[in-house]
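Chemist: Just so you know, the protein sequences line up as chains A and B, in that order. Reminder that position 82 of the first sequence reads as 82 in the working numbering, one-by-one numbering, no gaps. Reminder that position 137 of the second sequence reads as 277 in the working numbering, one-by-one numbering, no gaps.
Be aware that a few hints might be false.
[As the list claims (entries may be wrong)] Straight-line distance between alpha carbons at most 27 Å, and here's what the computed DSSO-like set of lysine-lysine pairs gives: (1) A:9 / A:65; (2) A:75 / A:65; (3) B:266 / A:79; (4) B:203 / A:65; (5) B:242 / A:79; (6) A:62 / A:75; (7) B:242 / A:9; (8) A:79 / A:9; (9) B:203 / A:75; (10) A:62 / B:242; (11) A:9 / B:174; (12) B:174 / A:65; (13) A:2 / B:203; (14) B:203 / B:242; (15) B:202 / B:174; (16) B:202 / A:79; (17) B:266 / A:9.
Everything labelled a hint here was simulated from the structure, so no lab data went into it. Keep in mind it's a predicted model, so treat the numbers as computed, not measured.
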Amino acid sequence: MKVFFSNIKFLFAGMLFGAILIKAEVISWFRIQEMFHLQSFHMYGVIGSAVIVGMISIQLIKRFKIRTVNNEAIKIIPKTYTRGFIYGGIIFGIGWAITGACPGPLFAQIGGGATVVVVTLFSAIAGTWVYGYLKPKLPH
Amino acid sequence: MNSLIEFIRQPWPWWVSGPLIGLMVPILLILGNKPFGVSSSMKHICAMCLPANISFFNYDWKKEIWNLFFVTGILLGASITWNWLSSQQIDINPKLISELSKYGISNPNNLVPAEQLNWQNLVTLKGIMMTVVGGFLVGFGTRYADGCTSGHSIMGLSNLQGSSLVATCSFMAGGFVSANFIVPAILKL
Numbered sequence: 001m002k003v004f005f006s007n008i009k010f011l012f013a014g015m016l017f018g019a020i021l022i023k024a025e026v027i028s029w030f031r032i033q034e035m036f037h038l039q040s041f042h043m044y045g046v047i048g049s050a051v052i053v054g055m056i057s058i059q060l061i062k063r064f065k066i067r068t069v070n071n072e073a074i075k076i077i078p079k080t081y082t083r084g085f086i087y088g089g090i091i092f093g094i095g096w097a098i099t100g101a102c103p104g105p106l107f108a109q110i111g112g113g114a115t116v117v118v119v120t121l122f123s124a125i126a127g128t129w130v131y132g133y134l135k136p137k138l139p140h
Numbered sequence: 141m142n143s144l145i146e147f148i149r150q151p152w153p154w155w156v157s158g159p160l161i162g163l164m165v166p167i168l169l170i171l172g173n174k175p176f177g178v179s180s181s182m183k184h185i186c187a188m189c190l191p192a193n194i195s196f197f198n199y200d201w202k203k204e205i206w207n208l209f210f211v212t213g214i215l216l217g218a219s220i221t222w223n224w225l226s227s228q229q230i231d232i233n234p235k236l237i238s239e240l241s242k243y244g245i246s247n248p249n250n251l252v253p254a255e256q257l258n259w260q261n262l263v264t265l266k267g268i269m270m271t272v273v274g275g276f277l278v279g280f281g282t283r284y285a286d287g288c289t290s291g292h293s294i295m296g297l298s299n300l301q302g303s304s305l306v307a308t309c310s311f312m313a314g315g316f317v318s319a320n321f322i323v324p325a326i327l328k329l
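One chain only, chain A, in its complex shape:
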């Protein structure tokens, strides 16, 4: 129960994000095709403006040493670069265009009633597992 109450705020944050994903239309397979056919500015506008707001937010957090609600210092740990960012990135990009969904939208599409996407999500989890299994043998 303690785990539930200490994490419930992240359920609400997720609900907010799920709602925004729907309103931003980035969960639409058609929006993804449009983006990769350069037929609409919509996706570029969404991602670009999200990055600008995220960037300003992080700068403000650092500048004013804003703390968490539990009064901890905010720490951002950067990811460690490997060549996997390129190989994996290209593989993910191919899947992104086929499914019309990155991981967040997979959950959102299911919530939006495209129940067949459950199969896609399970397969993505299987892909994650196979990566973990093959990791020692893959170039990084």
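Start from chain A and add chain B according to the hints.
Modeler: This is chain B only, laid out in the frame that chain A set:
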């Protein structure tokens, strides 16, 4: 109250929805020092359900459980919003719609091309390519790249990490090739 709901229900321009996505970055940091990201949730599910002695899944997933609350929330929030707070109209470029009509896809107001991607078609070659194969590439690729559009393109770029720019360019390169060459080939099946 009704006018507020009507206001939310209409389609939002990118310059409203994009900045709101960006705000998820400080919201998660301030709520509990969490880096914005979604694809790790699938890693935690593997670690929880089938770690199989693989060192990649051998960590205390309970410490990362916030991420599973977060993705459960995404599903719930999307469901409420799509059903009650959305016009379910998406303004897609007519050029794309006419291209897709060749493949029997006509309704761009679905989240997925429902004429092709549905339970009836699941066990056809096309259905398997669009769900099982596509999904596998998303899961495998995001873990190999250590992040997805949220973790790299939004969170990483917001934190000015060069490596996330490399990852984002790779996502886009794969996507351009796939949407223009692979997706049409799958739809022709």
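Chemist: Checking against the hints above, which ones are violated?
Modeler: The structure conflicts with hints 3, 5, 7, 10, 14 and 17, although it agrees with all the remaining ones.
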